[in-house]
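Single-letter residue listing:
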Amino acid sequence: MSSELETANTPQGLKRTVIEPLTRVEGHGKVTLLQDKNNTVKQARLHIAEFRGFEKFIQGRPYWELPVLVQRLCGICPVSHHLAAAKATDMIVGATELTPTAEKIRRLMHFGQTLQSHALHFFHLCSPDLLFGFDDEVRHRNIVGVIEDYPEIATQGVMLRKYGQEVIRVTAGKRIHGTGAIPGGVNKSLNKKEIDYLKGDIEQILVWAQGAVDLIKRIFFEQYDYHMSFAAIDSNMLSLIRGDGAFDIYHGGLRAKDSKGNTIFDHIDYRLYSDYIKEGVKNWSYMKFPFITSVGADDGWYRVGPLARVNNCDYFTTPLAEKERVEFAVIGDGLPVQSTLAFHWARLIELLHCAESIAELLDDSDISGKDLLIKGELQSSGTGVIEAPRGTLFHQYDINEDGIIEKANLIVSTTNNNQAMNESIRSVANNYLNGNQLTEALLNQVEVAVRAYDPCLSCATHAMGKMPLQINLVNEQDELVDRLEKSATGQISRTR
Amino acid sequence: MISDKTFRIDGKKIPFQDGDTIMDAALRAGEYIPHLCHNPEFKPNGSCRVCVIETNGRHVSACNQPAIENMEVDNSSDAIMNLRRSLLQMLFVEGNHVCPACEKSGACQLQAVAYYTRMLSPHFTHFFPCRDVDATHPEIAIDFNRCILCKLCVRASRDVDKKNVFFISGRGINSRLVINSPSGKLGDSDVAVTDKAVAVCPVGAILPKHKGYEKPIGERMYDNKPISIVGDVAAVFSSKIYSKDVSTK
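As they're listed, the protein sequences go chains S and E.
When we follow numbering that gives the first Met the number 0, the leftmost residue of the first sequence carries the number 0, and every step to the right adds one.
When we follow numbering that gives the first Met the number 0, the leftmost residue of the second sequence carries the number 0, and every step to the right adds one.
The set of hints was computed from the structure by calculation and includes no laboratory data.
Remember, it's a predicted structure, so these values are computed and weren't measured experimentally.
Glycine included, each C-beta is placed from N, C-alpha and C at the ideal position.
There's no promise every hint is true.
Covered, in the sense of this in silico footprint (three residues per stretch, anywhere, with C-beta under 8 Å from a C-beta of chain E), are these stretches of chain S [claimed, not checked]: (1) 60-69; (2) 171-179; (3) 182-190; (4) 400-411.
With the hints as extra help, turn the sequences into a complete structure.
Below is the structure:
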């Protein structure tokens, strides 16, 4: 399924267009396009222009710091890293299951952050494209334009996000980078005042969440064929799934389906993830390229996130979201929905589910419980997997007998979508850019494709050490003068 | 016997007894003078210099300067606060004090005093020293990145625990905390989690293991009130209510 547009056969002499920075995404990235003299696109790549290195510098730190330390990967959905690391350290402290209070507080925190992250993405980052059109004047095609033209929609976006942030603050102590989840449980439950505070707005939040789903459906069906085909690619889908097949973003087994909806694997214990998923590397990107091992590197790449989750699950546990899922599935006509822009629709169904789930949990007496922690025998390793707003997130840690971290592996949601995002921009390049003089409006279509995935580029480039690199020295005639390569084993060689 | 001798801190009369330092008298009177290496349970050390005050045209450390009748002490002018802030900034860049990821955050005396002096940035270039975490002891970990060389653990281990587990080795910029054990590791030393030396650390250097962030945000020592009101992390005067909160003026 990999595109021939990944690498041009003869890049010398081709016209290079760079979209940098990518706007209205989290983190810093760029897209490069190479065109020949007929403006035919010969190469299209998504590059991540920043570098993090968390896997390396947490080595030597105590394991109990992990949930707070690694969430600094990101300021948008740090709760994802907070909870994935907390789940991994649960295993390390021998907590095979949490108290009902601890698990429900963590779920509440996770629903809060998914609500705010999805609201941020749809209303602040993507609604300008969807409300005004991809070719709207750039000075107007932004959140300020939305505030001016659709003040009610803009206000709802801000207030939905605020509510999610407040759920996080109450459960984790701070809106960003709190400390609520700790190895073996949580450090606080909710008191009556906090519950009443959150209950005060939940009915309005439910109304706005349903309104958001209605809005994206209206937009989607207004130009149905276009939305179905834009940047569409056939891909495998990966997500966590509850034991009974229900949608679950906090815990479950791994489910992968191919582009026809056939099961590749199901209900896999996520601690065994490395038996099923491998991380490929390419010499032009800091970001890795994960793939399903049994399918292989060429065809085993997959999509994660709202589209994969809503496609993969058998049902939602909450009534409004389940009703919307059924309606969503109709457009797939029995197959997984592959439209890249359907990410937005799926994302807002999830937002609605989060609002419903928060409402349910606020009525659950367990969230006021006092039994917060369980600890057992210290273990030498732990794996935590969670469905972050942007997709499946893997954390794995090994510690020594003193409790110091010796090894860490993080496969971040956006990394899982790396190949898919590249394929989507190549689809746009083939269908909309080929043969055209590039304009801002055309280039925005590339960004729209990337934006649909809600990539978090700052989270995605965390690897360090053995990243293969190639440095080409090219003279002014575009002739290769020298080339140095660093292999995956760290060896450096001159290959010219 | 109560003395009738007094001196003034920022114009306020402070009674003192013969042998008192400025810090002794100030603490007794509920007048906060920022400090890190000072703990009333131990003899003054005078190493951090954060308690710098001005008297008679000179900058001196309040913790080891004897109180003198009728002396005038400047404890809160902008000039004095600037000096303290610079000292704190040097402490921050000399070690690796990453408050956002430190489990002591919210209950750390270094952080609290920095807030008190309104330190907003490290200002100086970070040293980024390469230091280890020693977690070889089953119940205690020491993170040398966060040590500010206050010698409170040295004094407590020597004077209270009678174990002499901690020492300062080297001089000047090469000074560092070392462990008195055959391997130089904490796990081979006589230290116990109940030792005074473990309890007196004002920063996140010496910590009980496996605890981390068990205290939620909002319930930590300095979450709701500044150090000038709450007091020191491990001092016997920690419950002392100081009369003045300069940080909020």
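Against the structure, the hints come out as follows:
1. 60-69: holds (count 7)
2. 171-179: Three-residue rule met by the region 171-179 of chain S, so holds; n is 7.
3. 182-190: n = 3 at 8 Å, threshold three: holds.
4. 400-411: holds (count 3)
The structure meets every hint from the earlier list without exception.
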